[in-house]
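Colleague: Heads up: the sequence lines are chains D and F, in that order.
Position 27 (the first sequence) corresponds to 27 in this note's numbering; numbering is contiguous.
Just add 234 to the spot in the second sequence (first one is 1) and you have this note's numbering.
One or more hints might be untrue.
[What the hints assert, rightly or not] Across the chosen pairs, the derived CB separations fall in these ranges:
(1) Arg457/F with Ala115/D: 43 to 53 Å
(2) Gln191/D with Ala513/F: 37 to 47 Å
(3) Gly35/D with Ala453/F: 44 to 54 Å
(4) Glu495/F with Ile22/D: 38 to 48 Å
[Claimed, not checked] Derived contacts from chain D toward chain F, CB cut-off under 8 Å, selection only:
(5) His20
(6) Ile22
(7) Gln97
(8) Ser114
(9) Gly140
(10) Gly144
(11) Ala150
(12) Ala184
(13) Thr188
[Claimed, not checked] Stretch by stretch, here's where chain D covers chain F in the computed footprint (C-beta under 8 Å, at least three residues):
(14) 311 to 324
(15) 556 to 569
The set of hints was computed from the structure by calculation and includes no laboratory data.
Think of the CB as a built atom: it goes at the ideal place given N, C-alpha and C, for glycine as much as any other residue.
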Amino acid sequence: MSLSEAADRPAVRTLVVDDHPIWRDAAARTLTEGGYLVVGTAGNGAQAVRVATATLPDVILLDLNLPDLPGADVTRQLLVALPSARVLILSASGERQDVLDAVTAGASGYLLKSAEPAELIDAVRSTAAGHAVFTPGLAGLVLGEYRRLAQTGHGGRQASEWQPGQPVTPQLTERETEVLRLVATGLTYPQIAERLTLSPRTVQNHVQNTLSKLQLHNKAQLVRYALEQGVKLD
Amino acid sequence: MAGQVSRARTGCPGARRQDENISRTVTGRTGPNQRQRRTVTGVLSRMWRVVNVFRVITLGYAALLILRSFTHYAHPLAGLIALVVMIAWSALTIAAYSRQSGRRPWLIGIDLALSVALILSTRWIDTVHRINTGSPTIPGIWSCSAVLACAVAGGPWWGLGGALVVSGADLGERLGTLSQTTFTNIVLVLIAGGVGGYIIRLGLQAEAAVDRAARSEAALTERDRIARSIHDSVLQVLALVSSRGRELGGEAAELGRLAAEQESALRALVSGASTEPDADTGQIDVCALIETLADRQVTVACPATPVRLPAPAARAVGSAALAALDNVRRHAGDGAHAWVLVEDDGSSVRVAVRDDGLGFEDGRLTAAAAKGRLGVSHSIIGRLREVGGTASVTSAPGKGTEVDLRVPQ
Numbered sequence: 001m002s003l004s005e006a007a008d009r010p011a012v013r014t015l016v017v018d019d020h021p022i023w024r025d026a027a028a029r030t031l032t033e034g035g036y037l038v039v040g041t042a043g044n045g046a047q048a049v050r051v052a053t054a055t056l057p058d059v060i061l062l063d064l065n066l067p068d069l070p071g072a073d074v075t076r077q078l079l080v081a082l083p084s085a086r087v088l089i090l091s092a093s094g095e096r097q098d099v100l101d102a103v104t105a106g107a108s109g110y111l112l113k114s115a116e117p118a119e120l121i122d123a124v125r126s127t128a129a130g131h132a133v134f135t136p137g138l139a140g141l142v143l144g145e146y147r148r149l150a151q152t153g154h155g156g157r158q159a160s161e162w163q164p165g166q167p168v169t170p171q172l173t174e175r176e177t178e179v180l181r182l183v184a185t186g187l188t189y190p191q192i193a194e195r196l197t198l199s200p201r202t203v204q205n206h207v208q209n210t211l212s213k214l215q216l217h218n219k220a221q222l223v224r225y226a227l228e229q230g231v232k233l234d
Numbered sequence: 235m236a237g238q239v240s241r242a243r244t245g246c247p248g249a250r251r252q253d254e255n256i257s258r259t260v261t262g263r264t265g266p267n268q269r270q271r272r273t274v275t276g277v278l279s280r281m282w283r284v285v286n287v288f289r290v291i292t293l294g295y296a297a298l299l300i301l302r303s304f305t306h307y308a309h310p311l312a313g314l315i316a317l318v319v320m321i322a323w324s325a326l327t328i329a330a331y332s333r334q335s336g337r338r339p340w341l342i343g344i345d346l347a348l349s350v351a352l353i354l355s356t357r358w359i360d361t362v363h364r365i366n367t368g369s370p371t372i373p374g375i376w377s378c379s380a381v382l383a384c385a386v387a388g389g390p391w392w393g394l395g396g397a398l399v400v401s402g403a404d405l406g407e408r409l410g411t412l413s414q415t416t417f418t419n420i421v422l423v424l425i426a427g428g429v430g431g432y433i434i435r436l437g438l439q440a441e442a443a444v445d446r447a448a449r450s451e452a453a454l455t456e457r458d459r460i461a462r463s464i465h466d467s468v469l470q471v472l473a474l475v476s477s478r479g480r481e482l483g484g485e486a487a488e489l490g491r492l493a494a495e496q497e498s499a500l501r502a503l504v505s506g507a508s509t510e511p512d513a514d515t516g517q518i519d520v521c522a523l524i525e526t527l528a529d530r531q532v533t534v535a536c537p538a539t540p541v542r543l544p545a546p547a548a549r550a551v552g553s554a555a556l557a558a559l560d561n562v563r564r565h566a567g568d569g570a571h572a573w574v575l576v577e578d579d580g581s582s583v584r585v586a587v588r589d590d591g592l593g594f595e596d597g598r599l600t601a602a603a604a605k606g607r608l609g610v611s612h613s614i615i616g617r618l619r620e621v622g623g624t625a626s627v628t629s630a631p632g633k634g635t636e637v638d639l640r641v642p643q
């Protein structure tokens, strides 16, 4: 972000959620140096939701390994409390299932904590702009999740149980698969655009779509589950 | 997988209970002096219940025999008194043996002594004629209860000892004349004492083994949980040192580089699913194998769920990927980065290895193979062919290299 741009627009408001004070301070410093406003920090999931409601951040940097709640649950609660916010996952261990759970729960992207400060700053900018932040690792996870859904049928249900009106398992188009595979093998969006003779924006949209479909499916599953539970309670 | 492990943070609630049970010692050699045993439940209690049930059944049988023939005894009233004594003693021992505190060696000793006394009293209560024509002793098979009590309390040798005492009494009652029936009875008593004791010892040992296994499993789960939390903290610090170090430059950058190396090594270790074949299916998770290849220059992307292949195919894919990465290190130039993607499309497993290095003319591989330098052709393509898979290598100068490995499932 150039200086003139930064001056034109209000700074992006960020919230850092991590139970390790050293990391929390380091991340906050990196963000401040990068020109972002750190409006708050939190050390656990419950606190994160409270602070987010009070400080209205645009981007929430969320550590997956919080002491009180799984990362996916914190993500969900944060987005319920503050639907306009975007959650960027930062994880030290990169546990694949934890990362996938958080991303399908609505997080906009994921970075390993070993990422360079410049990468973090870039990632927050993309996240604030509404773009998904895909590492090769995350692309591999998303590809794998679509394959798993395709193999288990309708979100893990037997095909025979399917009824009209139920959401169908999300599928990747051929182009989306192609793009995701290239992201997973380390190509940048401009490189992918060049190789597939697309515009970088189109590549970005394809990537974004793969994540949105997965998140929508996840949300639909949750809503259906809630409805089923509700019906039983009547 | 790892994700599920992370959710199992509640630990093992059964662990503590098993810890309390385990203090039970399991050896027949300590003899009936097992007051220290803290047996509350489990195999031993059930064994004592068996002794009690056996006592009730044999008491019924003895009562039947006595009531049928006491009129023929030399001292019928004494016969009935003996029955009353047996009933009273049965009630007392059943009550005592039901509780751990009641299983005292001296009580078992009295139990055995009373059986002997009752057997020998047959000599006086019954008539010589009846005894000589093979009528049973007054307590009959009821005396076996004391032998079983010895066996349960002390194992095979104590069981056998008790059996010898009762057999001796039997012989004494017959004044040494060994009829076929007496002989059979003695053999049965000895078997009951010895074998019974042995089986009980086996049962206790098996129980202890199960307890030990459950305890070590619980300990492992707990250690795993703690390790995950520690690893996370260590990874955080390493990540911090490496990124700050690189920013600061100079010596700090060197420290940062070292921290980064350790960080990726530790991350590979932590996420380390087993690279050994599954005991039931003989399959290996290809992701687990490939993840061990990740380091500063190599980024690995995998699905969240395991990608399983039969062990030989998985190992072939793993070593082919390793060979491809070796080529990157040797030929792609300094600073080249490589990415490995593992996919499972339902019908085949696909591993792609791409680098952003120097690349080479497409014809060079075939030329190298023709010249007898087997490097890539053999180590990558040959390995895959052996397990029914395919491999392709594409490259262009300045465009890096892409290796595509496929194995049908």
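Colleague: So, for every hint listed, does it hold in this structure?
Modeller: Hints versus structure:
1. Arg457/F with Ala115/D: 43 to 53 Å: violated (30 Å)
2. Gln191/D with Ala513/F: 37 to 47 Å: Once the Cβ atoms are compared, 44 Å apart, the range 37 to 47 Å for Ala513/F and Gln191/D holds.
3. Gly35/D with Ala453/F: 44 to 54 Å: holds (50 Å)
4. Glu495/F with Ile22/D: 38 to 48 Å: violated (20 Å)
5. His20: holds (5 Å)
6. Ile22: Holds, because the Cβ-Cβ distance from Ile22/D to chain F comes to roughly 6 Å (cut-off 8 Å).
7. Gln97: holds (2 Å)
8. Ser114: OK, holds: Ser114/D within 8 Å of chain F, min 4 Å.
9. Gly140: holds (3 Å)
10. Gly144: Interface hint status for Gly144/D: holds (2 Å vs cutoff 8 Å).
11. Ala150: At 7 Å from the nearest chain F Cβ, Ala150/D passes the 8 Å test, so the hint holds.
12. Ala184: holds (4 Å)
13. Thr188: violated (10 Å)
14. 311 to 324: violated (count 0)
15. 556 to 569: violated (count 0)
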